[in-house]
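Chemist: Single-letter residue listing:
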Amino acid sequence: MQAQRVLGLIFGITFGFLLQKGGATDYGIIIGQLLLTDFTVVNIMLSAMLVGMIGVFTMKELGLVRLHVRGGSWGATVIGGLIFGAGFAILGYCPGTAAGAAGSGSLDAVVGMIGIVLGAGLFARLYPFLDRSILNSGPFPAETLPEMFGMKPGLVVVAVALVVLGTLATIAALGF
Amino acid sequence: MIEWLTMARWSPYIVGAGIGFLIWATFLFSDRPLGASMAYTRTAGMVESAVSPEKTASMPYYQKFSPTTDWNWFLIIGVVIGAFISALLSGTFSIMLVPPVFAEAFGLNTGLRAAFALAGGILMGLGARWAGGCTSGHGISGTLQLSVASYVAAACFFAGGIFVAGLIFGFPYM
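Chains as they are written, first to last, in this note's numbering: chain A, 8 to 183; chain B, 7 to 180.
Warning: the hint list may mix true and false statements.
[What the hints assert, rightly or not] Cβ pair distances, simulated, as ranges:
| hint | chain 1 | residue 1 | chain 2 | residue 2 | range |
| --- | --- | --- | --- | --- | --- |
| 1 | A | A166 | B | A31 | 22 to 28 Å |
| 2 | B | M180 | A | G182 | 41 to 47 Å |
| 3 | B | A31 | A | R77 | 18 to 24 Å |
| 4 | A | L162 | B | F27 | 33 to 39 Å |
| 5 | B | E60 | A | A180 | 57 to 63 Å |
| 6 | A | V165 | B | L94 | 39 to 45 Å |
| 7 | B | E9 | A | V170 | 19 to 25 Å |
[As the list claims (entries may be wrong)] Below, a sample of chain A positions facing chain B; criterion: calculated Cβ distance under 7 Å:
| hint | residue |
| --- | --- |
| 8 | M60 |
| 9 | G92 |
| 10 | F156 |
| 11 | G157 |
[Unchecked claim] Calculated from the model, a selection of chain A residues having no Cβ within reach of chain B, i.e. all distances over 10 Å:
| hint | residue |
| --- | --- |
| 12 | G15 |
| 13 | I17 |
| 14 | T21 |
| 15 | M66 |
| 16 | G99 |
| 17 | D138 |
| 18 | S144 |
| 19 | T177 |
Simulated from the structure, these hints should not be mistaken for laboratory data.
Ideal Cβ placement from N, Cα and C applies to all residues, glycine included.
All chains should be built: construct the whole structure from the sequences, respecting the hints.
Modeler: Below you can see the structure in the form of structure tokens.
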């Protein structure tokens with residue numbers, strides 16, 4: 008457990024370093040993404056996802072790692088996602104990049120982090136009610152894309168990788 | 007090598023690939039995906055515990071996610087440190103209250119920016135836990151595992167974000 012805390016710290020330092028170098032801790036760049044004038048954030052996310060996917064599925068084939076996927080629902084994923092999106096635009100950072108921005112000296116991100124703690128606490132308060140009423144309504148038909156399409160995971164990985172590469176190339180070709 | 011570390015900006019593809027490799031390591035060595043929002047739940051729980059330990063212990067959400075300093079919590083502490091090191095090496099570290107883009111639209115209004123940051127943060131913390139993840143947990147770690155919920159969540163994060171950013175700053179593409 009103690010070793011995992013140290014690992015968490017080391018992984019966090021790496022993550023924060025990369026986010027800062029990428030410009031993802033910059034309010035202007037995140038707002039630029041949401042105004043569709045700057046595609047740095049999407050380029051970072053798609054590159055990370057592509058590299059991560061290939062490695063994680065390869066390691067899974069080799070029996071080295073297991074996946075951590077949970078199901079979702081309209082009530083949880085869609086409503087929660089839209090609330091998150093509104094907060095994303097108003098704060099101008101996300102939970103990871105706010106910490107990075109705070110480390111870069113942006114004090115507004117520190118206020119944002121306090122807000123995120125309050126919001127997470129609010130959710131914990133509302134959880135019993137939300138769990139009874141809305142979080143489980145309209146569950147998605149499957150947990151993963153391979154299950155949903157009835158395809159082999161390897162095939163879906165290749166298809167998704169091609170879509171991601173195509174998207175990155177299109178963004179670059181459009182001059183972002 | 008040193009020049010590379012002091013560069014103010016790296017290519018988003020290099021940064022993204024680096025985060026991708028980092029996720030290989032979190033799966034391999036910690037058996038976890040990379041996700042940022044859980045740390046905030048733990049912190050909220052720790053604050054609640056400090057105020058009223060018995061009530062907090064009885065709350066179902068904190069029974070599910072106990073309020074302790076775990077891997078995710080140290081991850082976020084690490085992000086602060088890592089970004090600080092990067093900003094120092096780049097020579098871009100600076101104490102800032104109002105980001106330039108915000109100041110252009112609303113003036114150098116510290117109180118207004120703080121109000122936006124707090125309100126946005128509250129919505130974000132609520133939404134992240136509601137949806138079960140954030141831009142890193144769903145947007146990167148979930149989509150790369152081909153999780154259906156994560157694709158839907160990422161689409162909703164950006165749909166909501168693009169719409170509300172347009173309401174705040176105007177829609178430049180319309």
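Chemist: So the hint says 19 to 25 Å: do the beta-carbon atoms of B/E9 and A/V170 match that?
Modeler: Check failed, 36 Å falls outside 19 to 25 Å.
Chemist: A/L162 and B/F27, beta-carbon distance inside 33 to 39 Å?
Modeler: violated, 24 Å
Chemist: Does A/G92 pass the interface hint, meaning its C-beta sits closer than 7 Å to a C-beta of chain B?
Modeler: Holds, because the Cβ-Cβ distance from A/G92 to chain B comes to roughly 2 Å (cut-off 7 Å).
Chemist: Using the beta carbons of A/A166 and B/A31, state whether their distance is inside 22 to 28 Å or not.
Modeler: Taking Cβ atoms as reference, A/A166 and B/A31 lie about 26 Å apart, which means the hint holds.
Chemist: Is the claim that A/G99 lies outside the interface with chain B correct, judged by CB distances over 10 Å?
Modeler: violated, 7 Å
Chemist: Verify this label for me: A/S144 is non-interface relative to chain B, using a Cβ-Cβ cutoff of 10 Å.
Modeler: holds, 13 Å
Chemist: Taking 57 to 63 Å as the stated bounds, is the beta-carbon spacing between B/E60 and A/A180 within them?
Modeler: Because 60 Å falls inside the window, the suggested range holds.
Chemist: May I ask you to check that A/T177 keeps its beta-carbon over 10 Å from the closest beta-carbon of chain B?
Modeler: holds, 14 Å
Chemist: Are all beta-carbon distances from A/G15 to chain B longer than 10 Å?
Modeler: Not fine: 4 Å to the nearest Cβ puts A/G15 too close to chain B.
Chemist: Is the nearest CB of chain B more than 10 Å from the CB of A/D138?
Modeler: Non-interface label fails for A/D138: nearest chain B Cβ at 8 Å, not farther than 10 Å.
Chemist: Should the interface hint for A/M60 be scored as holding, given a Cβ-Cβ cut-off of 7 Å against chain B?
Modeler: Nearest chain B Cβ about 4 Å off; hint holds.
Chemist: Run the C-beta distances from A/I17 to all of chain B and say if the shortest one exceeds 10 Å.
Modeler: Label violated. Min Cβ-Cβ 7 Å, cutoff 10 Å.
Of the hints listed earlier, those the structure fails to meet are numbers 2, 4, 7, 10, 11, 12, 13, 14, 15, 16, 17, in rising order.
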